[in-house]
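S.K.: Given chain A's structure and the hints, the job is docking chain Y onto it.
Listed in order, the protein sequences are those of chains A and Y. The first sequence begins at 94 in the working numbering and counts up by one. The second sequence begins at 135 in the working numbering and counts up by one.
Because the hints were derived from the structure by calculation, they are not lab data. Wrong hints could be hidden among the right ones.
Unchecked claim - Straight-line C-alpha distance at most 30 Å; calculated DSS-like pairs for lysine-lysine:
{"#": "1", "chain 1": "A", "residue 1": "Lys-291", "chain 2": "A", "residue 2": "Lys-492"}
{"#": "2", "chain 1": "A", "residue 1": "Lys-304", "chain 2": "A", "residue 2": "Lys-492"}
{"#": "3", "chain 1": "Y", "residue 1": "Lys-164", "chain 2": "A", "residue 2": "Lys-292"}
{"#": "4", "chain 1": "Y", "residue 1": "Lys-164", "chain 2": "A", "residue 2": "Lys-304"}
{"#": "5", "chain 1": "A", "residue 1": "Lys-292", "chain 2": "A", "residue 2": "Lys-492"}
{"#": "6", "chain 1": "A", "residue 1": "Lys-180", "chain 2": "A", "residue 2": "Lys-194"}
{"#": "7", "chain 1": "Y", "residue 1": "Lys-164", "chain 2": "A", "residue 2": "Lys-194"}
{"#": "8", "chain 1": "Y", "residue 1": "Lys-164", "chain 2": "A", "residue 2": "Lys-291"}
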Amino acid sequence: MARRLDAFARWLHRGWHYLDIDLKWGSIVKRGFRQSQSTLHTWSGLLLGWVLFIIFVAGTAAYWREPLNRWMRPEAPRVERPVLAMKAAQRFLARKAPDAKTWFITVPTVEGPGTYVFWVPQPDPDAPKGRRRGRRRDTSALIDATGAPVARETRGGDFFYRFHFDLHYMPVIWARWLVGVAAMMMLVAILTGIVTHKKIFKDFFTLRRDKGQRSWLDGHNASAVLGLPFHLMITYTGLVTLATMLMPWATVANYADSTKLFTALFPTAGEVVRVGRPAPLADLEALVRNGQQQLGGPIGFIEVAEPGDAAARITMTRASRANLSTYGTRVAYDGVTGRLLWRSAPPNGAVTTYGAMIGLHAGRFGDLTLRWLYFLCGLGGTVMVASGLVLWTVKRREKLSDPLHPPLGFRIVERLNIAVVAGFPFGCAAFFLANRLLPLATPDRAEREITMLFVAWGVAALAALVLQPRQGWVALLGATSIGLITVITCDLLILRPGLGQWIAAADWPMVTVDAVLLVLATGFAWTARRVARHTPRVRKPRAIRTATHNALLPETVAAE
Amino acid sequence: MTVLATLLALAAFMVFGLASDRHHEPRFGKRLPAPHTRRWRLAAWALLATALVCATAARGWVFGPVLWTGLLMAGAATSFLWLNLTTARRGMQR
Numbered sequence: 094m095a096r097r098l099d100a101f102a103r104w105l106h107r108g109w110h111y112l113d114i115d116l117k118w119g120s121i122v123k124r125g126f127r128q129s130q131s132t133l134h135t136w137s138g139l140l141l142g143w144v145l146f147i148i149f150v151a152g153t154a155a156y157w158r159e160p161l162n163r164w165m166r167p168e169a170p171r172v173e174r175p176v177l178a179m180k181a182a183q184r185f186l187a188r189k190a191p192d193a194k195t196w197f198i199t200v201p202t203v204e205g206p207g208t209y210v211f212w213v214p215q216p217d218p219d220a221p222k223g224r225r226r227g228r229r230r231d232t233s234a235l236i237d238a239t240g241a242p243v244a245r246e247t248r249g250g251d252f253f254y255r256f257h258f259d260l261h262y263m264p265v266i267w268a269r270w271l272v273g274v275a276a277m278m279m280l281v282a283i284l285t286g287i288v289t290h291k292k293i294f295k296d297f298f299t300l301r302r303d304k305g306q307r308s309w310l311d312g313h314n315a316s317a318v319l320g321l322p323f324h325l326m327i328t329y330t331g332l333v334t335l336a337t338m339l340m341p342w343a344t345v346a347n348y349a350d351s352t353k354l355f356t357a358l359f360p361t362a363g364e365v366v367r368v369g370r371p372a373p374l375a376d377l378e379a380l381v382r383n384g385q386q387q388l389g390g391p392i393g394f395i396e397v398a399e400p401g402d403a404a405a406r407i408t409m410t411r412a413s414r415a416n417l418s419t420y421g422t423r424v425a426y427d428g429v430t431g432r433l434l435w436r437s438a439p440p441n442g443a444v445t446t447y448g449a450m451i452g453l454h455a456g457r458f459g460d461l462t463l464r465w466l467y468f469l470c471g472l473g474g475t476v477m478v479a480s481g482l483v484l485w486t487v488k489r490r491e492k493l494s495d496p497l498h499p500p501l502g503f504r505i506v507e508r509l510n511i512a513v514v515a516g517f518p519f520g521c522a523a524f525f526l527a528n529r530l531l532p533l534a535t536p537d538r539a540e541r542e543i544t545m546l547f548v549a550w551g552v553a554a555l556a557a558l559v560l561q562p563r564q565g566w567v568a569l570l571g572a573t574s575i576g577l578i579t580v581i582t583c584d585l586l587i588l589r590p591g592l593g594q595w596i597a598a599a600d601w602p603m604v605t606v607d608a609v610l611l612v613l614a615t616g617f618a619w620t621a622r623r624v625a626r627h628t629p630r631v632r633k634p635r636a637i638r639t640a641t642h643n644a645l646l647p648e649t650v651a652a653e
Numbered sequence: 135m136t137v138l139a140t141l142l143a144l145a146a147f148m149v150f151g152l153a154s155d156r157h158h159e160p161r162f163g164k165r166l167p168a169p170h171t172r173r174w175r176l177a178a179w180a181l182l183a184t185a186l187v188c189a190t191a192a193r194g195w196v197f198g199p200v201l202w203t204g205l206l207m208a209g210a211a212t213s214f215l216w217l218n219l220t221t222a223r224r225g226m227q228r
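In isolation and in its complexed conformation, chain Y is listed as follows:
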């Protein structure tokens, strides 16, 4: 359950990041239309909510939310680094 929560939190922030123009365009070659952006963001929020359910299932009501908050930060930091460190290289080639 902890592993699942970790993966969900990571996936959520990946989706958040890829929904932004800055990271979507270089990867998919085109801009994401606004309604789609909203759908991507909603999906990310749903992933976060599921991660909270998993974290609570793993650690209970007291420690589950603490774990969830920690995993959010870890997921955000990991996707932040991945998104930026891989695009910059592509950006330089262009």
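Extracted from the complex, chain A is given alone in its bound form:
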């Protein structure tokens, strides 16, 4: 067994060896399995650690996707009765696109800002062939509870959701491969981490404070082991969401073309042919009520084919939040008489398993308690990645022969850590601030907000490059804190309705967002202060340290 494991480790390491990373092959074999896993842990964690960090931040924020969607559109009145909001959206569609081929309506919830609708116009027979679609903005809208389009143009929480796996400024397919590889590295890092830090379970409750490297290690271990079920689940199911792209062979072998796979996941009642005889649409409210009974859960999505025509058909999909599996079953009704036409077959085992994993990853089924647990676990994961990145430099700094002139690789990692771990949150603060301060009439406003995020992040990265590391950390962490406080101040003083009105109206979801930002701002300020006040401990000369390194550990334990 041991020999087989060793051979496996050797095989794993050959890959690293070719990358010509600072590995000494002979010593790896001699040092044994655990040590080799340690090396693998270090490098798999480091190389894509920065990507993982931003994926974690965005994914954690995305657990509040709908609340953030609403918080970033504060003008939209609160959705009190989703059914009324949906009917308001239907009136908007009837006015805006009465002869569309299809309407798509996302049934609103009390959490969100309103109803997302989009529509497909009738195909124009004179139009030249090929995919000539108009801009998405011209065929989609967000309708508030009163039936008017929402004024503040923003991506809102959807930005974090998309950014979590599509990143930005790059083709989606590249981004997903990058994210997929990062997730794979994460899985490797978690599994090797369990082997490397063998004492994580024995030292489950151990945190040695103010002990330099040991404290960092304890903190890294704690954030990893306390959330271990979450970390394993989120990484594995994250890979599953990208599985058909990362490992296409199973689908290629079983489905001749991708549309067949799509129909397996999203079954439909078939094509609707327009007859050209106008007829009024059936009452959506009654149909939604019936659909809820038929499907045994809330309706998430409504598709109206050929609205206003005698052949109209209404298809309803059960909401993702209704069950663990994200793929809901569907029913179709005659759009004029409201007669039940079709019911999708119950999904097979593979679809349910796949859907359950995606559901577990996204946590859409979660009520407030579960959502908070997911969010806290996400924060824990973010801290784990960040502390791991910092630990890389902390460990190596102690061994530097000339601390004033560290080698180039060390400096690159050190600066990149500042640019990403402190810089990306700063960018997010700028994103929120842009949402509050950019005039509503700004052209391309939603994209401008995102541009502000990347401009701020770019500035932060420059600062990380120019400033001394400690100044860089303090400046960026402090700036993030100030930025978040400014956002809260805007909500309190400028925005109408703002924080004061939300508290008066007991609109707690909105108040909670500001409260969380305040907690985060305090956390960043506290960290900045800790870094600013940190005095590096005086090191003993290096030769003596290495000799007594192992002997030191029991001493530190005994000293407590």
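M.R.: Chain Y in isolation, oriented as in the chain A frame:
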């Protein structure tokens, strides 16, 4: 039931933590003999099992275990912070 499950999970990890020498000695002034440690740990496991029953009763077979796992992590993290942040201060005074 959800609240009960939360409290049970928290209590379980408190007992786990206090069963370790590191956290038992500063708080109770003496080491816990090995057979007692085992009894404490068994009690903690029993608490965890009860928490699973409560979580399942609250959310059913599909979501109950998910909630339970989440509460385990929350309970572990809370007792971790409490145990460490309060002893360290005492430790400094000594």
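S.K.: Hint by hint, note whether the structure agrees.
M.R.: The hints, checked one at a time:
Distance restraint check for Lys-291 of chain A and Lys-492 of chain A: the Cα-Cα separation of roughly 23 Å lies within the 30 Å cut-off, and the hinted pair is therefore satisfied. Distance restraint check for Lys-304 of chain A and Lys-492 of chain A: the Cα-Cα separation of roughly 16 Å lies within the 30 Å cut-off, and the hinted pair is therefore satisfied. For the proposed pair Lys-164 of chain Y and Lys-292 of chain A, the alpha carbon gap of about 24 Å is at most 30 Å, so the pair holds. Proposed proximity of Lys-164 of chain Y and Lys-304 of chain A is supported: the alpha carbons are some 25 Å apart, at most 30 Å.
Distance restraint check for Lys-292 of chain A and Lys-492 of chain A: the Cα-Cα separation of roughly 23 Å lies within the 30 Å cut-off, and the hinted pair is therefore satisfied. At most 30 Å may separate the alpha-carbon atoms for a hinted pair to count; Lys-180 of chain A and Lys-194 of chain A meet this at roughly 19 Å. For the proposed pair Lys-164 of chain Y and Lys-194 of chain A, the alpha carbon gap of about 78 Å is over 30 Å, so the pair is violated. About 28 Å separates the Cα atoms of Lys-164 of chain Y and Lys-291 of chain A, which keeps this hinted pair within 30 Å; it holds.
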